[in-house]
Each structure stands twice: as C-alpha cells, then as structure tokens.
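Visitor: Put together the whole structure using the sequences plus the hints.
What follows is the residue order along each chain.
Protein chains: 2
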Amino acid sequence: MSLADKILSGDIRAAARLMRDIDDGVASAVEELKLIYPHTGHAYVIGITGPPGAGKSTLVDQLTAGYRAQNKRVGVVAIDPTSPFTGGAILGDRIRMNRHADDEGVFIRSLATRGHLGGLSRSTADVVNVLDALGMDVIIIETVGVGQDEVEIVSTAHTTIVVMVPGLGDDIQAIKAGILEIGDLFVVNKADRDGADRTSRELSTMLEMNRYQAGEWRPQVLMVEAQRNRGIDELLQGIARHRHHMEESGELRHFVEEKRARHFLELLKERLFMEVSNHIQVNGRFRSIMAGLTSGETNPYTAVESVLSERLRRD
Amino acid sequence: MSLADKILSGDIRAAARLMRDIDDGVASAVEELKLIYPHTGHAYVIGITGPPGAGKSTLVDQLTAGYRAQNKRVGVVAIDPTSPFTGGAILGDRIRMNRHADDEGVFIRSLATRGHLGGLSRSTADVVNVLDALGMDVIIIETVGVGQDEVEIVSTAHTTIVVMVPGLGDDIQAIKAGILEIGDLFVVNKADRDGADRTSRELSTMLEMNRYQAGEWRPQVLMVEAQRNRGIDELLQGIARHRHHMEESGELRHFVEEKRARHFLELLKERLFMEVSNHIQVNGRFRSIMAGLTSGETNPYTAVESVLSERLRRD
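Going down the list, the sequences are from chains A and B.
Count along the first sequence from 1, add 1, and you get the number used in this note's numbering.
Count along the second sequence from 1, add 1, and you get the number used in this note's numbering.
I should point out that these hints are in silico values taken from the structure, not numbers from a laboratory.
Fair warning: there could be bad hints in the mix.
Identical copies go unnamed one by one, so any copy, or any two together, can satisfy a pair.
Said to hold, decoys possible - For lysine to any residue, the following SDA-like pairs were computed, each having C-alpha atoms within a straight-line distance of at most 25 Å:
hint	residue 1	residue 2
1	Lys-73	Gln-228
2	Lys-73	Thr-41
3	Lys-260	Pro-39
4	Lys-260	Glu-271
5	Lys-260	Arg-272
6	Lys-7	Asn-284
7	Lys-260	Met-275
8	Lys-73	Ser-111
9	Lys-7	Thr-299
10	Lys-35	Phe-287
11	Lys-35	Ala-292
12	Lys-35	Ile-109
13	Lys-260	Asp-234
Since we're looking at a predicted model, the values are computed, not measured.
Guide: Written out as structure tokens, the structure reads:
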C-alpha cells in the first residue's frame with residue numbers, strides 16, 4: 002500500500018511521513034503527491050496573519066476548538082521563521098496547542114521557512130494538499146511576519162483573517178494600509194486592551210474608503226479576546242458568511258483556478274533552477290564563472306545569458 | 002554617453018534613472034549593469050533589521066547624519082512592504098529623512114517588495130551596485146519585517162545590525178533567538194523605556210551562550226535612543242570595529258565571494274523562469290496544462306516534468 006493510499010484512507014502517520022519526506026526533498030514524495038492530487042480540493046482553507054505579538058496562535062487554538070465542536074476535522078499549518086543558523090523552526094510544534102495533542106481530529110504541522118526564494122509557498126501548497134487528502138474539513142494556515150512571504154502563503158487561503166492588536170507602533174499603522182487589502186475579515190485581538198476601540202474604528206474607517214462593487218464582499222472588523230474565548234463564535238460565523246459568499250458568487254472557483262496556476266508555476270521555477278544549477282555545478286561551469294566574476298573577466302548578467310543560451314533549446 | 006558612464010562620473014540623476022529602469026524591467030538596464038559591474042565593490046554595506054516599531058528609520062537617519070559628519074557619501078536602500086493591491090510601496094520615500102533631501106552626499110531609494118519569490122534580493126543587489134558605482138562610501142539597507150526576505154537581504158550587508166526595542170510580545174522573544182544569529186551588532190533602541198535594561202541583559206545572556214572560536218567576532222549589544230541622538234557615536238564605533246575585524250580576518254573577502262555566487266544564482270533562477278514561462282504561455286502549452294489540471298487529467302508535478310524534459314537539452 003503506497004503512502005498516498007494510506008493517507009487517502011485517513012492514516013495520520015502516513016501523512017506525517019509524507020510531509021517529512023517533502024521537507025527532506027525525498028524523491029519519492031513527488032510520486033506520492035501525484036497520486037493524492039486528484040483527491041484534493043475538498044478542504045476549506047483559512048489563512049491567519051498579522052504582526053508578531055498579535056496573539057495569532059491563541060486565536061488558531063480557539064478556532065480549532067470551535068470547529069472540533071462542530072465535529073469538523075482541522076489541519077493547522079504554522080509557518081515559523083527559521084533559524085538561519087540551525088535551519089530549524091524557532092517556535093516549533095512544542096509550544097503549540099497542547100490541548101489538541103491527543104485529538105485525532107486535529108493535525109498540526111509546523112513549517113520552517115528554510116525553503117528560500119519561493120520554496121516556502123510551494124511546500125505550503127504541498128502540505129495543504131496532504132492535509133486535504135487526509136480528509137481534513139478545515140485547514141488553517143498561520144503565518145508570523147509582515148513580509149512578502151505571508152502575502153504569498155495567505156494567497157493559498159480561501160478566507161484570509163488579518164489579526165491586529167491595539168497599541169503597536171507607527172510602522173504597524175503604515176503596514177495596516179497594505180494588509181487592509183488582503184483581509185476578508187479583520188480581528189482586533191486583545192480587545193480588552195486600551196485603544197482597542199480606536200484600532201477597530203480606524204480599521205473600519207479605512208475599509209469604508211474602498212469602493213465596493215455591487216455583490217462584492219465587504220470585509221468586517223471583529224473584536225476578539227482569544228485568550229478568554231470571547232468573540233470566537235462571531236468569528237466562526239464571519240468565516241461561514243465569507244465562505245458562503247465565495248461559493249455563491251463563483252469567486253471560489255476562480256480563486257481555485259488561479260491557485261492551481263500559481264502552484265504549477267512555482268513548482269516549475271524551483272525545478273528548473275534545481276536542474277540547471279546542479280548541472281553547471283557538476284560540469285565545472287559554475288566554478289569557471291565564479292573565477293571569471295572574481296577576476297572581473299565577466300559579470301553575472303553576461304554569465305547568466307551564456308548559461309541560458311547553452312541550456313535552453315530554442316524551438 | 003551611456004547611463005553607466007554618467008553614473009561612474011557621479012551623476013545622481015542617471016543613477017535614479019537606472020534604478021527606475023531596473024524596477025520597470027527595461028531591457029537596456031541589464032546592459033548598463035554589465036558596464037558598471039567592474040567598478041563596484043568599494044562601498045561598505047550595512048544592513049539594519051528588526052521588528053516593526055523598533056525605530057529603524059530614525060536610526061538610519063542618525064547614522065546617515067553621523068557618516069555625513071565624517072564626510073562620507075551615504076546611500077540608503079529602504080525595503081518597504083508592498084501593497085499587494087496597488088503594487089506601490091507602503092511607507093514610501095516621502096516620509097523618510099527629509100532633512101537629507103537637499104544633501105547631494107545622500108541618496109535614498111525605497112524598494113518595494115513586489116519582486117516576488119527571490120526577485121527582491123536580486124534587485125537589492127542591483128541597486129546596491131548602482132549606489133556603489135555612483136561612489137557612495139557607505140550603503141545602508143533597511144528592512145521591515147521578520148520573515149525570510151529580510152534574512153536574505155541582510156545577507157548582502159557586510160555588517161548587520163539587529164534593532165530590538167523593549168516591551169514587545171512573546172513572539173518577538175522567540176524570534177529574537179533566530180535573529181540572534183544574523184546580528185553583528187545589536188541595538189536596544191528606545192533605551193529610555195521601561196524594560197530596556199532587561200532586554201539588553203537578555204540579549205547579552207543569549208549571546209554569551211554561544212561558543213566563540215579564537216579570533217571570531219563577538220556580537221555586541223548597544224543601548225541607543227535614536228530619537229535623541231544618544232548612543233549613535235558608540236554605534237558608529239561598533240560598526241568601525243566590526244569592519245576592521247572583517248578586513249583583518251579575511252572574512253570580508255570570503256563574504257564577498259559568497260555574495261557574488263548568490264547574486265549570480267538568483268539572477269539565473271529569475272531569468273530561467275522568465276524565459277520558460279514566457280515560452281509556454283506564448284506557445285499555448287500553459288493553457289493546455291491548466292485545462293489538464295482542472296479536468297484532473299494531469300497533476301502539477303507531472304506537468305512540470307514534461308515541460309522540463311522538453312525545454313532542457315540533456316548533454
């Protein structure tokens with residue numbers, strides 16, 4: 002029985018194994034991914050993002066509990082900043098959601114951001130596919146950070162939740178303007194803190210400045226205290242409303258098609274580069290280019306052009 | 002007279018023009034970059050990173066003033082999170098360092114993170130090369146965020162400064178563990194705030210847990226109040242000490258070689274992908290693959306393999 006077959010029959014250990022193989026770049030992982038691919042596309046994917054310290058992990062924990070109460074199976078993919086030194090995840094699974102540890106209906110996976118240069122969003126898509134094939138009803142992707150990484154990862158999600166928190170600095174206010182455009186729902190977490198109402202009002206005001214087309218989704222701002230489980234039901238309802246909108250308007254189908262194209266192109270980019278860079282390292286071309294760059298005989302732009310003209314068949 | 006010649010003779014407007022051309026993907030920009038490449042490698046590059054709200058921009062402003070007082074020409078590259086909607090930079094040049102606006106010895110450039118998937122670090126390297134060829138003595142790269150982006154961009158810098166600030170949340174503490182390994186100097190900014198001493202002590206304790214080889218650089222923690230210009234001289238001295246160490250130990254030469262290799266490989270990756278993805282879009286292959294993915298006839302992994310085997314000459 003292949004790993005793929007086991008995963009499709011709900012074998013959690015087989016899923017964990019395939020995810021490890023994906024991480025480690027084991028060649029057979031691709032064959033398994035091919036087998037599960039036709040059985041994906043059933044899970045609803047929720048992305049959660051926001052600045053560090055906004056309480057995203059606690060929120061994910063509460064949402065997980067909420068979906069479990071609805072008898073839904075939940076997969077969680079937590080994107081952790083990687084230690085550039087050890088290559089390991091910094092936050093790690095250990096500190097996450099211990100209370101769901103014995104629940105077979107919850108599968109938690111930390112993904113370290115060591116897959117540089119676009120590799121991360123591709124492997125996120127792969128991991129989401131494994132969880133989807135495993136039969137998870139809801140998959141939550143959580144990202145720390147405010148960079149481009151998170152925008153790309155969240156673009157995998159059907160519903161994106163941006164978590165803000167009162168009382169962060171001016172940079173945050175500026176970033177908010179950018180994050181405004183990716184959120185379907187906005188959560189002001191730690192809503193008991195000073196300034197929560199102001200943060201909520203500011204967000205609402207900024208959102209109201211957008212012109213919405215008839216029938217277009219209007220993002221909502223919700224006050225939550227994740228730590229005390231306040232506002233979680235309203236958030237679950239908000240997600241359900243957005244999902245309903247996505248399904249009814251046809252946006253979901255369009256989104257899934259775009260996601261598919263992106264996944265393919267990212268995979269293509271990674272594999273192309275791997276093939277060609279391996280090739281020039283094995284045949285000594287890379288070493289001679291490096292020598293030429295050091296001596297000043299060539300420059301990186303000319304060197305790339307010569308490699309491209311040698312390697313790509315012009316047809 | 003080519004743009005490159007003008008830049009090499011110190012023409013600021015020509016430099017600004019070439020940077021715009023790089024951003025816009027104008028084909029001739031690559032030819033100009035080839036011409037300036039042999040004249041680069043003279044500037045000292047300083048990377049500044051840290052979480053949002055740490056006061057990085059103010060710090061960069063003060064360092065710029067400090068180097069100007071030493072009669073050094075300063076280039077600043079500020080990496081801004083991009084609005085995914087408008088494609089424009091969110092913070093923008095406008096709010097940056099107005100007091101240096103009329104100083105010909107300062108060149109400030111905001112770089113938006115719209116160059117997805119590795120494009121950003123490559124274009125940062127290109128912009129640094131333009132500033133270098135323009136005759137800047139010091140180039141400061143400032144990044145907002147805590148993701149992988151910043152780690153890669155900072156890897157362009159000879160000296161990396163990590164800016165922390167007292168009183169941020171637990172996530173930050175965890176991230177600190179990862180950021181610990183990329184900093185040559187650590188700044189506790191807003192050192193007048195409560196908890197500054199604790200933050201400084203924690204950082205020092207964590208750094209002391211590292212085992213340093215004889216002759217290895219030992220990162221230092223400095224207390225700064227950028228807003229009041231306190232501690233800036235000490236920071237300038239710290240940078241000078243690290244630079245001296247890098248030059249004397251031979252680490253600088255090694256670092257420059259690695260940077261050169263990385264720049265070449267990133268350029269290769271971008272250009273390879275551009276060539277191949279353009280090709281399959283023009284010849285209709287992309288459309289047929291997308292149809293196959295939608296119908297379930299193929300999967301992205303198999304589709305990528307077939308494109309690779311068609312496009313790459315096996316020699």
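Visitor: Each of the hints needs a verdict: does it hold here or not?
Guide: Against the structure, the hints:
In this assembly of identical chains, Lys-73 and Gln-228 lie within 25 Å of each other by CA distance solely inside one copy; the values are 22 Å within and 51 Å between copies. In this assembly of identical chains, Lys-73 and Thr-41 lie within 25 Å of each other by CA distance solely inside one copy; the values are 17 Å within and 58 Å between copies. In this assembly of identical chains, the alpha carbons of Lys-260 and Pro-39 lie at most 25 Å apart only when taken from the same copy (15 Å versus 42 Å across copies). Taking CA atoms no more than 25 Å apart as the test, Lys-260 paired with Glu-271 passes in both settings, with 17 Å inside one copy and 20 Å between copies.
Taking the shortest alpha-carbon separations for Lys-260 and Arg-272, both the intra-copy value of 18 Å and the inter-copy value of 23 Å come in at or below 25 Å. Taking the closest pair of Cα atoms, Lys-7 and Asn-284 never come within 25 Å of each other, the shortest separation being 41 Å inside a single copy and 39 Å across copies. Taking identical chains as interchangeable, the C-alpha atoms of Lys-260 and Met-275 lie at most 25 Å apart whether they share a chain (23 Å) or sit on different chains (19 Å). For a Cα distance limit of 25 Å, the shortest separation of Lys-73 from Ser-111 inside one copy, 20 Å, qualifies, whereas the shortest one across copies, 46 Å, does not.
Proximity of Lys-7 to Thr-299 under the C-alpha cut-off of 25 Å is restricted to the inter-copy arrangement: shortest distance 21 Å between copies versus 53 Å within a copy. Proximity of Lys-35 to Phe-287 under the C-alpha cut-off of 25 Å is restricted to the inter-copy arrangement: shortest distance 19 Å between copies versus 32 Å within a copy. Taking the shortest Cα distances, Lys-35 and Ala-292 sit within 25 Å of each other only across copies (17 Å), while inside one copy they are farther apart (41 Å). Taking the closest pair of Cα atoms, Lys-35 and Ile-109 come within 25 Å of each other only inside a single copy of the chain (23 Å); across copies the shortest separation is 48 Å, beyond that limit.
Proximity of Lys-260 and Asp-234 under a CA criterion of 25 Å is satisfied in neither setting, with 29 Å inside one chain copy and 50 Å between copies.
Violated hints, in rising order: 6, 13; the structure is consistent with all others.
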